[in-house]
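Peer 1: Letter by letter, the chains look like this.
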Amino acid sequence: MLKLENVCKTFYSDGQPFDAVKNVSLHIKKGEIFGIIGLSGAGKSTLIRCMNRLETPTSGDIKIDGESVINMSESQLRKLRKKVTMIFQHFNLLMQRTVAKNVRYPLELAGVPKAQANKRVMELLEIVGLQDKADNYPSQLSGGQKQRVAIARALASDPEILLCDEATSALDPMTTQSILSLLQDINRRLGLTIVIITHEMAVIRQICTNVAILDGGRVAEEGSVDEVFTHTRSEAGRRLFGFVADHAKSPEAEAPVPMLRIVFDGMKINEPVISELSLKTGIAMNILYADVNLINGKRYGQMTIERPAKAEDAKLLIDTLTEQGITVQEVDA
Amino acid sequence: MYRKSRIAGFILLIPAVILILLSVSAIFVDNAASPLNKPYEAIRIDDANRLAASTAITDAEETVTRASTRVTDATDAADAAKETTETAMTAEDEGDYDAETKPGELGIAIAAARDAGLDVTDIYDAYVPVVNTELDTLLSDTLTTVKRAESTIEDAVTALTKAEDAILVLVPDAEFEALPELTEANVPKLGDLKGTARFRRRADNYVLRCETAATNVAAVETAAASILDTCKTALNDYKVPLSATLITFAVSRALDLLVYGLILLIIALALLVAPAWLARKWKNPMFRKGVAFIFVVGLLAAALHYTSGETWELMKTNTFDTLYMTIPSTFFAYVVGLPLGVILVITSPGNIRPNKTVNSVLGVIVNFLRSIPFLILLVMLFNVTRLVMGAAIGTRAIIFPLFVAAFPYVARIVEGSINEVDRGVVEAAQAMGSNTFQIITKVLIPESLPSLINGAAICMTTILSYTAMAGSAGGEGLGKVAVIYGLNYRQYDVMYLASLLLVALVQIIQIGGGLLMRAVDHRK
Ligand SMILES: Nc1ncnc2c1ncn2[C@@H]1O[C@H](COP(=O)(O)OP(=O)(O)OP(=O)(O)O)[C@@H](O)[C@H]1O
Ligand SMILES: [Mg+2]
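The listed protein sequences correspond, in order, to chains A and B. Just so we're aligned, residue 964 is where the first sequence starts under my numbering, counting upward by one. Just so we're aligned, residue 325 is where the second sequence starts under my numbering, counting upward by one.
I should point out that these hints are in silico values taken from the structure, not numbers from a laboratory. Check before you lean on any hint, since a few could be wrong.
Here are the simulated BS3-like cross-link-like pairs (lysine-lysine), alpha carbons at most 30 Å apart as the crow flies [as the list claims (entries may be wrong)]:
{"no.": "1", "chain 1": "A", "residue 1": "K966", "chain 2": "A", "residue 2": "K1026"}
{"no.": "2", "chain 1": "B", "residue 1": "K848", "chain 2": "A", "residue 2": "K1082"}
{"no.": "3", "chain 1": "A", "residue 1": "K1045", "chain 2": "B", "residue 2": "K766"}
{"no.": "4", "chain 1": "A", "residue 1": "K1064", "chain 2": "B", "residue 2": "K848"}
{"no.": "5", "chain 1": "A", "residue 1": "K1077", "chain 2": "B", "residue 2": "K848"}
{"no.": "6", "chain 1": "A", "residue 1": "K1096", "chain 2": "B", "residue 2": "K848"}
{"no.": "7", "chain 1": "B", "residue 1": "K766", "chain 2": "A", "residue 2": "K1082"}
{"no.": "8", "chain 1": "B", "residue 1": "K766", "chain 2": "A", "residue 2": "K1064"}
{"no.": "9", "chain 1": "A", "residue 1": "K1026", "chain 2": "A", "residue 2": "K985"}
{"no.": "10", "chain 1": "A", "residue 1": "K1278", "chain 2": "A", "residue 2": "K1243"}
{"no.": "11", "chain 1": "B", "residue 1": "K680", "chain 2": "A", "residue 2": "K1042"}
{"no.": "12", "chain 1": "B", "residue 1": "K766", "chain 2": "A", "residue 2": "K1042"}
{"no.": "13", "chain 1": "B", "residue 1": "K328", "chain 2": "B", "residue 2": "K607"}
{"no.": "14", "chain 1": "A", "residue 1": "K1096", "chain 2": "B", "residue 2": "K766"}
{"no.": "15", "chain 1": "A", "residue 1": "K966", "chain 2": "A", "residue 2": "K1045"}
{"no.": "16", "chain 1": "A", "residue 1": "K1042", "chain 2": "A", "residue 2": "K992"}
{"no.": "17", "chain 1": "B", "residue 1": "K486", "chain 2": "B", "residue 2": "K556"}
{"no.": "18", "chain 1": "A", "residue 1": "K966", "chain 2": "A", "residue 2": "K1042"}
{"no.": "19", "chain 1": "A", "residue 1": "K1243", "chain 2": "A", "residue 2": "K1273"}
{"no.": "20", "chain 1": "A", "residue 1": "K993", "chain 2": "A", "residue 2": "K1026"}
{"no.": "21", "chain 1": "B", "residue 1": "K766", "chain 2": "A", "residue 2": "K1077"}
{"no.": "22", "chain 1": "B", "residue 1": "K766", "chain 2": "A", "residue 2": "K1046"}
{"no.": "23", "chain 1": "A", "residue 1": "K1064", "chain 2": "A", "residue 2": "K1042"}
Bear in mind the structure is a predicted one, so any value in this text is a computation, not a measurement.
Chain A extracted, bound-state conformation (with noise of 0.2 Å):
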């Protein structure tokens, strides 16, 4: 559906070229929700940009549907366009213009009859659940109101896929909550792809199917978000997840600590696994990192401990959490 093949763009400040994409090659498939994970300045926004080519890339080539968009006429961008849409982190929507209007200006570039147009802006605002905004401006929205404005605009030409950058960044974490719940929907009932850049773990952990980790232009690590995200492979990946704990590098510690991550998946929110490790094993454990969302009743996230000195206690863990189903991994600092 939608292919990077070695994309690279160098962008010329003052005269000084800067790699900002090196080298990307992705292939993303139709339907489903893909996840681009960076640091600020990885370069994610410059190559979610090349997608639509709102940027244009200096090599490579970029594939949607076997056709290739780098060399599009202007007017064949513009159709393009009307096929792979966009939402943004500041929602940019016209302040000048209702709800409603924002939502129709798609329709209008169309040149979509008014009647029939108008008809289609109250289904996509009913699908976003803002029917009843519709005559109100966008400074009267709060963000996640503004973001689902913008998402129904960005469904309005029938998008094939729809690409978001930071799209939840500006948001609380309920409200991107019920954000990402409502892009899930609509990729289900509408079998739409997305394309999803973000700088927060929790959100490819709730919605993505792949990811791929952007450090420095480069990709460092690819795959399904459970592997990715269990069996981290790449330094960027472990720095974004937060596991390469401070303290591995603090003064106060004279020698780098063995650690282990323990990956919580989906656990249920009654099950009180780690003080039960803790009864069963008879082993104190040193929590040094953690990190768990709760998503859905369900748990999600992540723990670094200290491995403990003796091999057969640090077996002894592992092995008793491999049980229950938890992914553990030995981190060496």
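Following the hints, complete the assembly by docking chain B with the ligands onto the known chain A.
Peer 2: Frame of chain A, contents of chain B with the ligands only:
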């Protein structure tokens, strides 16, 4: 607490009380109890005296001139009479009559009889009494003229004396050149002269009297020149005391002074009694605006109050002229400046249609035109203006240079407004597949509309201020009125009134623009 405002209130209280006392005594100036009663009476008498002196001077000037003209007239009449009597004398001596020099039925009859060889004595005898009556009338008329000239000389002397007296009332120690003694003509008696000879003597006498009159009038004129000069200098140098000016002003505008005094009193009392309340109220912008509004309206009302019908007409036509220049030039400046501003934005580096050449060429043109002072531009464009507007000067013609001066300004203002549009929104529009034209008409302009309206109000007031220079190119308008009346006629009240109207126009545009802006602004 609030010590400063109490001190201010106390300081304000003093002029307030003074103004109120002054205006009350001015209102009741005719009442003997008013402290202004006596001084005002004196001022009135003094005013009357000055008026009398000034009238007397003008009168004397006119009388002297009249005397001089009348003497010339009389001399001419006497000379003519003398000539006529001499001709009659010759005709009588020769018993002859010349048809050509003395036409008329009798003369023609005499000439015809003589040509026919007839005796003309009978006819001639019939002719003489007629000639005598004619001469008599002529000489009586001449005498009237001469007498009138003589009496006007006496009038002139009297008028000069009156002027001197009027000045002496004001300046008792004024000294004047002495008035000349009028000489009388020494004329021989007619005795028992009869007939035409008597007429001739009379004519001779009149000529003599005219000669004397001419001498007299010349002496009077010389004296008058010096005396009137002394009078005028004395009147000009006469100092009206400042108190008199102030009292006159207070009496003529007593009611206004009372109003101002009461306003000051209210402010002073508010500062003294309720400074806390005032401080609280003053924090409210509506209260401050209200106070400013009352102040401006009061000024305007006061100005209009002293405006005569004529001045009012002047203001009305010139307000119209000002708008006549401002509105069309603003309109055309936007017709050109709006697209230009949009092009400046979209061709700038990193924008939706970056084009270095177009951007810098337009930028240079705009900067160039913007940096020429309007007055110079007005002159530079003379020929182009004539070509475009059909005339180089006049209220209508000025619309063109105003437009040329304004459109680069408009372009920059529009550029600023359009640049306020969030880049993200433009990007979103691009991401939805809008073409450049759609981005301009559906995003850039609508999204910056409030700012554009605000900018338009600013542009319009700028153009309004340019119209003040219209006078330099034969245009009318409030600005020109203010300049001409302030600079040339020194009628400062008219100048202030015109300026006040300009301020009012600017305020209306600004407030109107602000309201419109708020009405279309949904950005918050
Ligand atoms: N138009 C440009 N000209 C020059 N450099 C640019 C331009 N756009 C982006 N860059 C640079 O490219 C790099 C990647 O930018 P990009 O916006 O893609 O990062 P990002 O991963 O989206 O970061 P963030 O999470 O902060 O949005 C940055 O170092 C940025 O400075
Ligand atoms: Mg970004």
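Peer 1: Quick check: which numbered hints come out false for this structure?
Peer 2: Going through the list in order, the structure violates no hint and respects every one.
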